[in-house]
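Protein chains: 2
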Amino acid sequence: MIHSLENLIDQFNKLPGIGKKTATRLAFAILDMEIKEVEIFSNSLILAKKNIKKCSTCGNFSEDDICDICQNQKRDHSIICVVEDSKDIIAMERAKNYNGVYHVLHGKISPLNGINIDNLNIKKLIERVAKNDIKEVILALNPDLEGETTAMYINKLLKNFDITISKIASGIPMGGNIEYSDIATLSKALEGRIKI
Amino acid sequence: MIHSLENLIDQFNKLPGIGKKTATRLAFAILDMEIKEVEIFSNSLILAKKNIKKCSTCGNFSEDDICDICQNQKRDHSIICVVEDSKDIIAMERAKNYNGVYHVLHGKISPLNGINIDNLNIKKLIERVAKNDIKEVILALNPDLEGETTAMYINKLLKNFDITISKIASGIPMGGNIEYSDIATLSKALEGRIKI
Chain A
1 MIHSLENLID QFNKLPGIGK KTATRLAFAI LDMEIKEVEI FSNSLILAKK NIKKCSTCGN
61 FSEDDICDIC QNQKRDHSII CVVEDSKDII AMERAKNYNG VYHVLHGKIS PLNGINIDNL
121 NIKKLIERVA KNDIKEVILA LNPDLEGETT AMYINKLLKN FDITISKIAS GIPMGGNIEY
181 SDIATLSKAL EGRIKI
Chain B
1 MIHSLENLID QFNKLPGIGK KTATRLAFAI LDMEIKEVEI FSNSLILAKK NIKKCSTCGN
61 FSEDDICDIC QNQKRDHSII CVVEDSKDII AMERAKNYNG VYHVLHGKIS PLNGINIDNL
121 NIKKLIERVA KNDIKEVILA LNPDLEGETT AMYINKLLKN FDITISKIAS GIPMGGNIEY
181 SDIATLSKAL EGRIKI
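Residue numbers (UniProt numbering), protein chains in the order written: chain A, 1 to 196; chain B, 1 to 196.
Warning: the hint list may mix true and false statements.
Which copy is meant is left open, because identical chains are indistinguishable; a pair holds if it fits in one copy or across any two.
Stated by the list, open to error - With a cut-off of at most 30 Å between alpha-carbon atoms, the simulated BS3-like pairs for lysine-lysine come out as follows: (1) 167 with 20; (2) 50 with 36; (3) 156 with 50; (4) 53 with 21; (5) 96 with 14; (6) 135 with 96; (7) 50 with 159; (8) 87 with 195; (9) 124 with 159; (10) 87 with 74; (11) 135 with 124; (12) 135 with 159; (13) 36 with 53; (14) 96 with 21; (15) 20 with 50; (16) 74 with 131.
Read the hints as simulated data drawn from the structure, not as lab findings.
Model, not experiment: these values are computed from the prediction.
Extracted from the complex, chain A is given alone in its bound form:
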């Protein structure tokens, strides 16, 4: 086989969710591109990796020491939304109805994957709550076992502060179907019912 092609396929194959077949397709797409375009792609990998660090306040990815959201004085800095990952911030921002700031844990408690409390950005969250005038902490963790465990743990740590701690709602997604919903989702939806 062609060594440099095999090598490129292997590199694509290392990315999450990219199997051998897709990796092959992508590698061939690179061969079909102009050398100029490939150079731009190649450089953008290095540039992104070198330029992007974690915001020293919230842990979000940022090109500056403090991220855009933490720097934005128009946002409500008394509400912190805790998320697992920077990707979740992008999703939340897309929804356009949250104006507070964030705190990125960079994972969730998952002993099976070797991730415990010390690997997560939790200590800085407690410091933020202790040092600033925070009114509410919203836990926006994925509603799975590890997410719930992490939420419970953070809830315990923050209990003694005079703040509201909330959790985003679990339930049937918009456009979803009661008939085909799983039992866990349905019971969460019932538990979390709100008066109309």
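Given the coordinates of chain A, work out where chain B should sit on it, guided by the hints.
For chain B alone, coordinates are given in the frame of chain A:
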């Protein structure tokens, strides 16, 4: 938004079959990688693009002027299998029951996409058949409208040479289901029936 991250997402987004969501996931995966790994990935793109050219005999991708298959004297150089794309050679080689050589057209006749005869590696195929002692040309083009048109056209060009021209069989795929087969596949399977 973070400029160099947006840029990297755009680059992944340009690849075929990679939508905005997958591109975002891949870009974040890059940020999670070690800088050393990202450099290897970045270099492998440039290396593949710079090192790989087209075999001057068959048009297959190759790091040398003549590809491994055309150089291999253990293969039967009197049988040429015509394929649309280098990717098809990888698939054929995986099947491990073909020992001839190949010819890559780099596309198929498709006027709607602006690809006509002159854009394809057909002239060199005719030269190969004229200059060498060829016994058989197997047309292994995808069984769609453009593939069939291309096969018919090549068949016409090669008709006057004293060679066998064949076409790979169309029919129900192994493990497939007659009940759920489309009409075109079923009628091809019937047409191409063989005595047992």
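Hints versus structure:
no.: 1; hint: 167 with 20; in the structure: between (39 Å within a copy, 28 Å between copies)
no.: 2; hint: 50 with 36; in the structure: both (21 Å within a copy, 11 Å between copies)
no.: 3; hint: 156 with 50; in the structure: neither (37 Å within a copy, 57 Å between copies)
no.: 4; hint: 53 with 21; in the structure: between (32 Å within a copy, 22 Å between copies)
no.: 5; hint: 96 with 14; in the structure: between (34 Å within a copy, 26 Å between copies)
no.: 6; hint: 135 with 96; in the structure: within (21 Å within a copy, 67 Å between copies)
no.: 7; hint: 50 with 159; in the structure: neither (38 Å within a copy, 59 Å between copies)
no.: 8; hint: 87 with 195; in the structure: neither (32 Å within a copy, 59 Å between copies)
no.: 9; hint: 124 with 159; in the structure: within (16 Å within a copy, 77 Å between copies)
no.: 10; hint: 87 with 74; in the structure: within (22 Å within a copy, 53 Å between copies)
no.: 11; hint: 135 with 124; in the structure: within (17 Å within a copy, 75 Å between copies)
no.: 12; hint: 135 with 159; in the structure: within (13 Å within a copy, 83 Å between copies)
no.: 13; hint: 36 with 53; in the structure: both (27 Å within a copy, 16 Å between copies)
no.: 14; hint: 96 with 21; in the structure: between (37 Å within a copy, 18 Å between copies)
no.: 15; hint: 20 with 50; in the structure: both (28 Å within a copy, 22 Å between copies)
no.: 16; hint: 74 with 131; in the structure: within (20 Å within a copy, 76 Å between copies)
This entry does not satisfy hints 3, 7, 8, going by the numbered hints stated previously.
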